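Q: These protein sequences, in sequence, are chains A and B.
My numbering puts the first residue of the first sequence at 1, with every later residue one more than the last.
My numbering puts the first residue of the second sequence at 1001, with every later residue one more than the last.
Any given hint could be a false lead.
[Unchecked claim] To give an idea of the interface, some chain A residues facing chain B are shown, with a C-beta separation under 7 Å as derived from the structure: (1) L5; (2) N7; (3) I18; (4) R78; (5) Q82; (6) T87; (7) H88; (8) I89; (9) S91; (10) L92; (11) S94; (12) I96; (13) I101; (14) K187; (15) N190.
[As the list claims (entries may be wrong)] Derived Cβ-Cβ restraints for the label pairs, each shown as a range: (16) A/N19 with B/S1063: 47 to 55 Å; (17) B/K1088 with A/W69: 23 to 31 Å; (18) A/L105 with B/G1043: 31 to 39 Å; (19) A/Q79 with B/S1046: 39 to 47 Å; (20) B/E1036 with A/H161: 32 to 40 Å.
Treat the hints as calculated values from the structure; they're not laboratory data.
All figures in this text were calculated on a predicted structure; none of them were measured in a lab.
For glycine and all other residues, C-beta sits at the position ideal for the given N, C-alpha and C.
What follows is each chain in one-letter form.
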Amino acid sequence: MEKPLSNQDSLILITQMINQTKQNYQKSSFYFLLWGWVVIIGDLGHYYLMEFTNYPYPYAIWLISVPAWIACAVYGTRQSKQVTVKTHIDSLYSFIWISFIFPILVIIFGGTVIGPYYITGSIMLLAGYAVIITGKLLKFKPTIYGGIVLWITALLALYFHDSTQYLIGAIGVALGYLVPGYMLKNKEENA
Amino acid sequence: MPEFAALDPLLHSQLRLAVMSILISVESAEFVYIKEQTGATAGNLSVQLDKLSTAGYISVIKSFKGKKPVTTCSITKIGISAFETYVKALNSYIK
């Protein structure tokens, strides 16, 4: 490979290598589909338990997020073993969602202080923000629109101080998170 | 007559320049990835990575993924600065 390099060759080589590399980022639709379904099941389950049963702890349905966290950790570890390159987009992507965990925990466990009916809307507002930034990073417009849908449905959810907010939450997550997730999966499979 | 900046001989080589171009676009890349992207042989790539590492342009970390040894490379601040200077010099030649 050590043949003389002209200045023009150098520029072509630099451009080619940079272009070849910058399109390389890890698949992320798995997380969208996993959390999309977990939150929809959680929201619908919460609604069902509140409306149709006398179960005193309807929020216990959210324990389904525990196996989801485990699945996330297992998938993430397996994926990191397979990838041979880490782009700045990969790092930012992980950072956005890891930094999302702390405010979510504050909202959930601070629920008694801020009022339990503000939990769903507040989480959706935050999720909308993270989804929009993710969409911009991945240069994938459906995800950006999905984030806007999450914001709009978050406002609606904040307005309803009863179990209706869980239905709104499920609709918001289905349209703003799961649908873009499936579109992203489709894009990744055809890439 | 315009003054031309000298091109850094360490970067003005096809394989080393390819490696630096890859590393400037990512946070880190494994040896296998760089080898695939450049089409270089493992032996030649090792030698060139050593040269870049000795100059302080890249950092090379050897670790394990399970039982498999892995070499991960990333560009350093010195490397970024050298690469930018090289591109500037190249532009001055082409203009």
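Q: Against this structure, judge whether each hint is valid.
A: Comparing the hints with the structure gives:
no.: 1; hint: L5; in the structure: holds, 5 Å
no.: 2; hint: N7; in the structure: holds, 5 Å
no.: 3; hint: I18; in the structure: holds, 5 Å
no.: 4; hint: R78; in the structure: violated, 11 Å
no.: 5; hint: Q82; in the structure: violated, 9 Å
no.: 6; hint: T87; in the structure: holds, 5 Å
no.: 7; hint: H88; in the structure: holds, 5 Å
no.: 8; hint: I89; in the structure: violated, 9 Å
no.: 9; hint: S91; in the structure: holds, 5 Å
no.: 10; hint: L92; in the structure: violated, 10 Å
no.: 11; hint: S94; in the structure: violated, 11 Å
no.: 12; hint: I96; in the structure: violated, 15 Å
no.: 13; hint: I101; in the structure: violated, 21 Å
no.: 14; hint: K187; in the structure: violated, 21 Å
no.: 15; hint: N190; in the structure: violated, 22 Å
no.: 16; hint: A/N19 with B/S1063: 47 to 55 Å; in the structure: violated, 29 Å
no.: 17; hint: B/K1088 with A/W69: 23 to 31 Å; in the structure: violated, 48 Å
no.: 18; hint: A/L105 with B/G1043: 31 to 39 Å; in the structure: violated, 51 Å
no.: 19; hint: A/Q79 with B/S1046: 39 to 47 Å; in the structure: violated, 27 Å
no.: 20; hint: B/E1036 with A/H161: 32 to 40 Å; in the structure: violated, 56 Å
Consistency with the previously given hints fails for numbers 4, 5, 8, 10, 11, 12, 13, 14, 15, 16, 17, 18, 19, 20, ordered from lowest to highest.
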